[in-house]
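S.K.: Now for the letters of each chain:
2 protein chains.
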Amino acid sequence: MRLTVRTNLAMRALMFCAVNENRTVRKAEIAEACNSSENHLGVVINMLGQTGFIETTRGRNGGVRLKVDPQVLSVGQVFRVFESNVPFAECFAGSENHCPLTASCRLRGKLSIALEAFYIALDDVTLADLVEDNTGLHSLLQLETA
Amino acid sequence: MRLTVRTNLAMRALMFCAVNENRTVRKAEIAEACNSSENHLGVVINMLGQTGFIETTRGRNGGVRLKVDPQVLSVGQVFRVFESNVPFAECFAGSENHCPLTASCRLRGKLSIALEAFYIALDDVTLADLVEDNTGLHSLLQLETA
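Listed in order, the protein sequences are those of chains A and B.
Sequential numbering of the first sequence, starting at 1, is according to this note's numbering.
Sequential numbering of the second sequence, starting at 1001, is according to this note's numbering.
Accuracy of the hints is not assured; some may be wrong.
No more than 35 Å apart at the CA atoms, straight line, and that leaves these computed lysine-lysine pairs for DSBU-like [unchecked claim]:
1) B:Lys1110 <-> A:Lys27
2) A:Lys67 <-> A:Lys27
3) B:Lys1067 <-> A:Lys110
4) B:Lys1027 <-> A:Lys110
5) B:Lys1110 <-> A:Lys110
6) B:Lys1067 <-> B:Lys1027
7) B:Lys1110 <-> A:Lys67
Every beta carbon over 10 Å from chain B, so not counted as near; a handful from chain A, in silico [said to hold, decoys possible]:
8) Asn22
9) Gly62
10) Val68
11) Asp69
12) Gly94
13) Glu144
Keep in mind the hints are simulated off the structure, nothing from the lab.
Just so we're clear, the structure is a prediction, and the values are computed from it rather than from any experiment.
Think of the CB as a built atom: it goes at the ideal place given N, C-alpha and C, for glycine as much as any other residue.
Sequences are here, hints too, so could you generate the full structure?
M.R.: This is the structure we're talking about:
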């Protein structure tokens, strides 16, 4: 199984914002530090804004900054939001599901339980856990203070 | 995140074999019942044979049959085998990994723990749990006895 690129990029962007928590950062800065196209990152930033994880401001001095306390924002929360519209297997895909076993298949329920175990493991991890005292990450991501 | 089609199909094929445990089944029969192309299924059957989950016999009366007791074969075991060569995220991809954060990123370790929680949940589920007393599934998959 594979994580979506979108979720992966959302986590990179959030780590970037958390390392630079006291300033507004530009999309181009995140894209460069996180090795992403600005277009792809734009979609992710929109989603992060819609969920209230970051706030975006427009204009000359505009950009992105964290809207939630990294001590409070859990990785599980981010994953649940970003993965919620991706069907894990064909049988989670609604009208796109053509598996003939669906009506009598017990695997789907077991998969739902296993997926919940995956998310629960990430619910215990905060954004702060990923960045605090992580000097290596700070070296990679910290911008000069404006 | 998405499960690979290969793992999904492996589970369908194993359920088919388990429902028809006392006979050798043909690839075409599995393909038809499980809504798969024979080519795609062929790859999965080869892998299931290599892992020792099924045995395949060639020739006119050849086919596929379960090689392990469904009470013993766990879904986690199948998933671990079939998913083992699929990188969950870019940072699991070895030489294909171009994430600039890798050296200092703590997310990867947390993802490994979460993935293990996912597999552990499936370790508790046997193939027998999926098919035993599942009359609906038997109606869908059971072949007439030869």
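S.K.: Give a verdict on every hint.
M.R.: Tested hints:
Under the criterion of a C-alpha separation no larger than 35 Å, the hint pairing B:Lys1110 with A:Lys27 is consistent with the structure, at around 26 Å. Pair hint A:Lys67 plus A:Lys27 holds up; C-alpha atoms about 16 Å apart against a cutoff of 35 Å. In summary, the hint linking B:Lys1067 to A:Lys110 is supported, as the alpha carbons are separated by about 23 Å, within the 35 Å threshold. Restraint check: the Cα-Cα separation between B:Lys1027 and A:Lys110 comes to about 26 Å, which is no more than 35 Å; the hinted pair holds.
A hinted pair counts as satisfied when its Cα atoms are at most 35 Å apart, and B:Lys1110 with A:Lys110 qualifies at roughly 22 Å. For the suggested pair B:Lys1067 and B:Lys1027, the alpha carbons sit about 16 Å apart, so the restraint of at most 35 Å is met. Between B:Lys1110 and A:Lys67, the direct Cα distance comes to roughly 23 Å. Compliance with the 35 Å bound is thereby established for this hinted pair. Its beta-carbon lying about 20 Å from the closest one in chain B, A:Asn22 satisfies the requirement of being farther than 10 Å from that chain.
Every Cβ of chain B is farther than 10 Å from the Cβ of A:Gly62; the closest lies at roughly 25 Å, confirming the non-interface assignment. Non-interface status of A:Val68 relative to chain B is upheld: no Cβ of that chain comes within 10 Å, the nearest being about 17 Å off. Its beta-carbon lying about 18 Å from the closest one in chain B, A:Asp69 satisfies the requirement of being farther than 10 Å from that chain. Distance check for A:Gly94 against chain B: the nearest CB is about 14 Å away, which clears 10 Å, and the non-interface claim stands.
Its beta-carbon lying about 18 Å from the closest one in chain B, A:Glu144 satisfies the requirement of being farther than 10 Å from that chain.
Going down the numbered hints, you'll see the structure goes against none, and every one checks out.
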